[in-house]
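For reference, each letter of the sequence shown is one residue, going -17 to -1, 1 to 152 in mature numbering (1 follows the signal peptide of the UniProt record, and there is no 0).
Just so you know, the hints here were simulated from the structure itself, not pulled from any lab data.
Ideal placement from N, C-alpha and C gives every residue a C-beta, glycine not left out.
Check before you lean on any hint, since a few could be wrong.
[To be verified] Derived CB-CB ranges, DEER-like:
1. S19 to E124: 23 to 29 Å
2. E135 to R48: 36 to 42 Å
3. S94 to S19: 21 to 27 Å
4. V50 to G28: 37 to 43 Å
5. T110 to M136: 43 to 49 Å
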Amino acid sequence: MLLYLIVLLQLFQLIAANAATYTFQSSSITVNEGESAEICVVKDGSHISVQNLVYIQVEEISAVRGVDFIASDQIVIDSMSGQLTACTNIFIPFNDDSETDESFRLTIITSPVNVHAYYVGMANVATVTIKNVIAPLSCKEKLLLLTCKTIEMTGKNLPRPCIPALGNP
């Protein structure tokens, strides 16, 4: 009974509200290193003519800000009038680490400028998972690796640059 009352009150708030409600388009976003994660918020359809700056808190889980993803503590998405969906991108750089998947959390928060500018919907948390990708070798690195493998197969002593190229200590 209490659950029905809560749902009814939330529906009433949405119907009577003069401000838009925002949620994430997806609560789970997966992206490879070297790509950008597209972060989208969706405005409820009854307030399509409303324009807002939507504030999103960015929190590290296992991914490290500035190393695994490029974003400040808080990002802002401009939700234009006439658009139901507004998006921004967070860049995920390559790193040379061989690692497991990493993640960070996004949370839609109330506007720090005007707390009544918009409402935060129930799907207000999204997790971005970063898949580890080994960066492709450059032409120079490929040529060095090929040369070193050829020398190694002949049984000759490896020159110093070949040792790290082949992953030998």
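Verification of the supplied hints:
| no. | hint | result |
| --- | --- | --- |
| 1 | S19 to E124: 23 to 29 Å | 25 Å, holds |
| 2 | E135 to R48: 36 to 42 Å | 40 Å, holds |
| 3 | S94 to S19: 21 to 27 Å | 25 Å, holds |
| 4 | V50 to G28: 37 to 43 Å | 39 Å, holds |
| 5 | T110 to M136: 43 to 49 Å | 46 Å, holds |
Going through the hint list in order, the structure satisfies each hint without exception.
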